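Q: Residue strings, one per chain:
There are 2 protein chains.
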Amino acid sequence: MQKPRRASKTGKKTKPAARRVTRTRTVNLQASVKMRAAQVDRELGRTLGRLRDFPAHGGVSPPTRLLAAMAHSLLAGGKRLRPVICIESCVAAGGHAPAAFRSACALEMVHTYSLIHDDLPAMDDDDLRRGQPTCHKAFDEATAILAGDGLLTDAFLVLAQAPRNPLRQVTELAAAAGSFGMVGGQMDDILAEGQDPAQVELEAIHRRKTGRLFVASSVLGGLCAGAGDREIAALRTYGAALGFAFQVWDDVLDVVDTTGKGGKGVGRDEKHDKATYVRRHGLDGARFLAHQAADRAVHALKPFGKRGAVLAALARYAVERDH
Amino acid sequence: MQKPRRASKTGKKTKPAARRVTRTRTVNLQASVKMRAAQVDRELGRTLGRLRDFPAHGGVSPPTRLLAAMAHSLLAGGKRLRPVICIESCVAAGGHAPAAFRSACALEMVHTYSLIHDDLPAMDDDDLRRGQPTCHKAFDEATAILAGDGLLTDAFLVLAQAPRNPLRQVTELAAAAGSFGMVGGQMDDILAEGQDPAQVELEAIHRRKTGRLFVASSVLGGLCAGAGDREIAALRTYGAALGFAFQVWDDVLDVVDTTGKGGKGVGRDEKHDKATYVRRHGLDGARFLAHQAADRAVHALKPFGKRGAVLAALARYAVERDH
Numbered sequence: 001m002q003k004p005r006r007a008s009k010t011g012k013k014t015k016p017a018a019r020r021v022t023r024t025r026t027v028n029l030q031a032s033v034k035m036r037a038a039q040v041d042r043e044l045g046r047t048l049g050r051l052r053d054f055p056a057h058g059g060v061s062p063p064t065r066l067l068a069a070m071a072h073s074l075l076a077g078g079k080r081l082r083p084v085i086c087i088e089s090c091v092a093a094g095g096h097a098p099a100a101f102r103s104a105c106a107l108e109m110v111h112t113y114s115l116i117h118d119d120l121p122a123m124d125d126d127d128l129r130r131g132q133p134t135c136h137k138a139f140d141e142a143t144a145i146l147a148g149d150g151l152l153t154d155a156f157l158v159l160a161q162a163p164r165n166p167l168r169q170v171t172e173l174a175a176a177a178g179s180f181g182m183v184g185g186q187m188d189d190i191l192a193e194g195q196d197p198a199q200v201e202l203e204a205i206h207r208r209k210t211g212r213l214f215v216a217s218s219v220l221g222g223l224c225a226g227a228g229d230r231e232i233a234a235l236r237t238y239g240a241a242l243g244f245a246f247q248v249w250d251d252v253l254d255v256v257d258t259t260g261k262g263g264k265g266v267g268r269d270e271k272h273d274k275a276t277y278v279r280r281h282g283l284d285g286a287r288f289l290a291h292q293a294a295d296r297a298v299h300a301l302k303p304f305g306k307r308g309a310v311l312a313a314l315a316r317y318a319v320e321r322d323h
Numbered sequence: 001m002q003k004p005r006r007a008s009k010t011g012k013k014t015k016p017a018a019r020r021v022t023r024t025r026t027v028n029l030q031a032s033v034k035m036r037a038a039q040v041d042r043e044l045g046r047t048l049g050r051l052r053d054f055p056a057h058g059g060v061s062p063p064t065r066l067l068a069a070m071a072h073s074l075l076a077g078g079k080r081l082r083p084v085i086c087i088e089s090c091v092a093a094g095g096h097a098p099a100a101f102r103s104a105c106a107l108e109m110v111h112t113y114s115l116i117h118d119d120l121p122a123m124d125d126d127d128l129r130r131g132q133p134t135c136h137k138a139f140d141e142a143t144a145i146l147a148g149d150g151l152l153t154d155a156f157l158v159l160a161q162a163p164r165n166p167l168r169q170v171t172e173l174a175a176a177a178g179s180f181g182m183v184g185g186q187m188d189d190i191l192a193e194g195q196d197p198a199q200v201e202l203e204a205i206h207r208r209k210t211g212r213l214f215v216a217s218s219v220l221g222g223l224c225a226g227a228g229d230r231e232i233a234a235l236r237t238y239g240a241a242l243g244f245a246f247q248v249w250d251d252v253l254d255v256v257d258t259t260g261k262g263g264k265g266v267g268r269d270e271k272h273d274k275a276t277y278v279r280r281h282g283l284d285g286a287r288f289l290a291h292q293a294a295d296r297a298v299h300a301l302k303p304f305g306k307r308g309a310v311l312a313a314l315a316r317y318a319v320e321r322d323h
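First to last, the sequence lines map onto chains A and B. For what it's worth, this note's numbering labels the leading residue of the first sequence as 1, then goes sequentially. For what it's worth, this note's numbering labels the leading residue of the second sequence as 1, then goes sequentially.
Pulled out of the complex, with its shape left as it was, chain A reads as follows (with noise of 0.2 Å):
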């Protein structure tokens, strides 16, 4: 275990890397997020709107209930992580956060379908997400496989419209969101479950399953901005660590959370016989490699200066969150 560079106040020498992200300020952190996070659930409102007024669309709108569907999942709340990656991206790439939202409701949109379909009888079969009925208990089985369909499809409809480097940004989230990202994770992740835990290639179905979105929404942010390739290289790697950090925190905290706050309910991965960093690497061995890991996303933020404050101050949340 890597040696803590300066004396530590509290004396604790097992956890290191925790110690040196502990100066964050939350304070400012959940301000900006909380403030993010509404910026996003009104553009998230708007774009389903807004939808309506495309010209290809002649004035006609989706069956109502389609459309109610889409809306039931999408505008639930929820913390709008990647959303608020990608603005907070933007700013600290120089650009203006209103030059993200499209991208930020198309990121959202594209998880959002994630999720529903994930949730369906034939994959995970959960009746809950976000505190209410997942899509398909709240409608049915296929309104809520059409409503996924719709929400990702109409993702690349929002994201041709951003107003920066929109085609880069298209072939981004495409190749990020498809069966060699994010869907071909979801499958590892169904392939893994019968599998011996010690077996499974954890690392590579994470990265595909939510890492690459995680990515996406960073390196979505910078090209809303015009940045260059020195500072899109930095969002990327930033946006992989972080992905890794929540990713291995998650695992952590379905072990130790006792809060009550976390969606999943404590243990459940266990139940399931589900491969996670914490039986890879014990509780102290998970801790230390999520620590790492926002430590590295930290440190890919500094050609952004002060403007990539709330970034790095959500990498340390990543790992201090007790939900």
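Bear in mind the hints are in silico, worked out from the structure with no lab data behind them. Be aware that one or more of the hints could be misleading.
Pairs involving identical chains hold if they fit within one copy or between any two copies, as the list cannot separate such chains.
To be verified - With a straight-line Cα cutoff of 20 Å, these simulated SDA-like cross-link-like pairs (lysine to any residue) come out:
no., residue 1, residue 2
1, 302, 45
2, 274, 201
3, 34, 98
4, 274, 195
5, 137, 121
6, 137, 123
7, 137, 191
8, 306, 191
9, 137, 286
10, 306, 321
11, 137, 322
12, 79, 30
13, 34, 76
14, 306, 255
Just so we're clear, the structure is a prediction, and the values are computed from it rather than from any experiment.
Guided by the hints, dock chain B onto chain A, whose structure is given.
A: This is chain B only, laid out in the frame that chain A set:
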């Protein structure tokens, strides 16, 4: 009913439109379509392989099972109608066929995803498609959901690499396939099943469910050729009329087909109590509507002269085929 403009050689007065469209060089069309479909089959195989080389994927393949399920449905053959329309529209607008290959593949990927999801137990619950077990029968439900998601998402990755007008193509396809287009039409279709067939807005359902992807097919072809606004508008009219002709003629064949070549089995819509054009307008009325639409499609091709010959033959074929 409209009066035939010229004296008829056969003397039959009931199907004026039918007579006007019988001057088809069927052999040429068959050869052309067969050649194009073979090109499409080859390109689809290459496209699946080429995804692997996409830089952002870092040389990592998706899970074999997912790729196998996608290939199972995508490479199962079929008429390849949408890609053929796309390629021929490119040729009609003065482009070279290969310029439209990527867009043609993207269209077939989107069409195939819609079939996979449409066949799911929660939707139409079909066991056979294109003479083979449906995706969820050959694999399982979860894999089929993901294979559809993968094809849809990857289609946008493929389309974003189109050599000309990629962004306009992404916008066109996303608008045509999303909640205001094809997905909305599938929802319409489900909602209509319980209703009084006489009250169902057949036109709106059809326009969304299949019509808009036909329109996108011809428009994408035009965009691949760098066509101007007037040519794009002509292709839009052609695609809409062609799609309508195919749909109405399908309803006709559902009642009169005795060849056993039809995919769905004769009278299937009748059994499902679905609203069809034959139910609404009678057999002769539906035939007339279909021929009228084929005429509209052929008429729209005027600006393209001889280069539009295959598209014109296709429109005539739409309302002459017996399966």
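Q: Could you check the structure against the hints above and give me the numbers of any it violates, in ascending order?
A: 1, 8, 9, 10, 11, 14
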